[in-house]
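Colleague: So the chains spell out like this:
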Amino acid sequence: MDSIFNPLVGGLLIGLTATVYMLTIGKVIGISGILSQLLFSKERFLPFLFIAGLIIGGSAYGVFTEQTVPFPEVRSPWLLIISGLLVGYGTRLGGGCTSGHGVCGISRFSPRSIVATLTFMATAIITVAIVN
Amino acid sequence: MYALITLAAGLVFGLGLAFSEMTNPTVVIGFLDILGDWNPSLIIVMASAIGVGVIGYAIKNKRVAPMVASKWQIPTLKHIDSKLIIGSGLFGIGWGLSGYCPGPGLTALTNNPNEGFYFIGALIVGSGLHFLQNKATQK
Numbered sequence: 027m028d029s030i031f032n033p034l035v036g037g038l039l040i041g042l043t044a045t046v047y048m049l050t051i052g053k054v055i056g057i058s059g060i061l062s063q064l065l066f067s068k069e070r071f072l073p074f075l076f077i078a079g080l081i082i083g084g085s086a087y088g089v090f091t092e093q094t095v096p097f098p099e100v101r102s103p104w105l106l107i108i109s110g111l112l113v114g115y116g117t118r119l120g121g122g123c124t125s126g127h128g129v130c131g132i133s134r135f136s137p138r139s140i141v142a143t144l145t146f147m148a149t150a151i152i153t154v155a156i157v158n
Numbered sequence: 002m003y004a005l006i007t008l009a010a011g012l013v014f015g016l017g018l019a020f021s022e023m024t025n026p027t028v029v030i031g032f033l034d035i036l037g038d039w040n041p042s043l044i045i046v047m048a049s050a051i052g053v054g055v056i057g058y059a060i061k062n063k064r065v066a067p068m069v070a071s072k073w074q075i076p077t078l079k080h081i082d083s084k085l086i087i088g089s090g091l092f093g094i095g096w097g098l099s100g101y102c103p104g105p106g107l108t109a110l111t112n113n114p115n116e117g118f119y120f121i122g123a124l125i126v127g128s129g130l131h132f133l134q135n136k137a138t139q140k
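For the record, the sequence lines run as chains Z and G. Using my numbering, you'd call the opening residue of the first sequence number 27 and step up by one each time. Using my numbering, you'd call the opening residue of the second sequence number 2 and step up by one each time.
Please keep in mind that the hints were generated in silico from the structure rather than gathered at the bench. The beta carbon of each residue, even a glycine, is placed where N, CA and C say it ideally should be. Hints should not be assumed to be uniformly reliable.
[Claimed, not checked] Covered by chain Z, according to a simulated footprint, are these stretches of chain G (three or more residues, beta-carbon under 8 Å): (1) 2-14; (2) 23-31; (3) 77-90; (4) 94-103.
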């Protein structure tokens, strides 16, 4: 690890955003939940703004922020499709993803989120160990 | 006011993903590869994000209501059931396969579109399947 500066700044920005959003609007930030509101609810304007902002902010990667390693070579569409189906279905069945359970849930010591985070970390680590 | 806060939250959250390099699946898979060539940088991301969050909830617990909205809408579910475990387990498998969770997958639409469109297309279908399943069981 060359520098802890970028991951530290990144984590602080994510934590600050979740905190300010929670203290003002009164809700947690969960990307999978906000995306499904955009897709399946009747109140789409605010989820749309959030997702649009997220994509614009994330586009700063490698332009205004450091990129330490290259992107992987473009992988098989089938791998991406199977991954997307599992992530889409799994996050909705489990009620959250890395942001909702992993950051916001653990921050308030929610037992559900701690169990969820340990579970998806474990299956992700096992999956990578098998694939590699 | 809601619109301004929500847009700003999306922007800064996305910027946070960019700084932390969660936008890059090589970094994420490197973090999950604890038995191989492990890249621990995302521990710093998670620890600093959760550290700020813990302070945030300490402030929240001293307030009756949020600053803009009229009431708190923080999840209050407590029970741990098979849906939580199976759903999170499936999510982890999908995350480990590609290195994309939902936020970084969305940013891949612009950063790495050759992958992002397949991943997000399938993610929408997967969420839709759960939505339809939920609707069917509620009838």
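Colleague: Failing hints, ascending?
Modeller: Those not satisfied: there are none.
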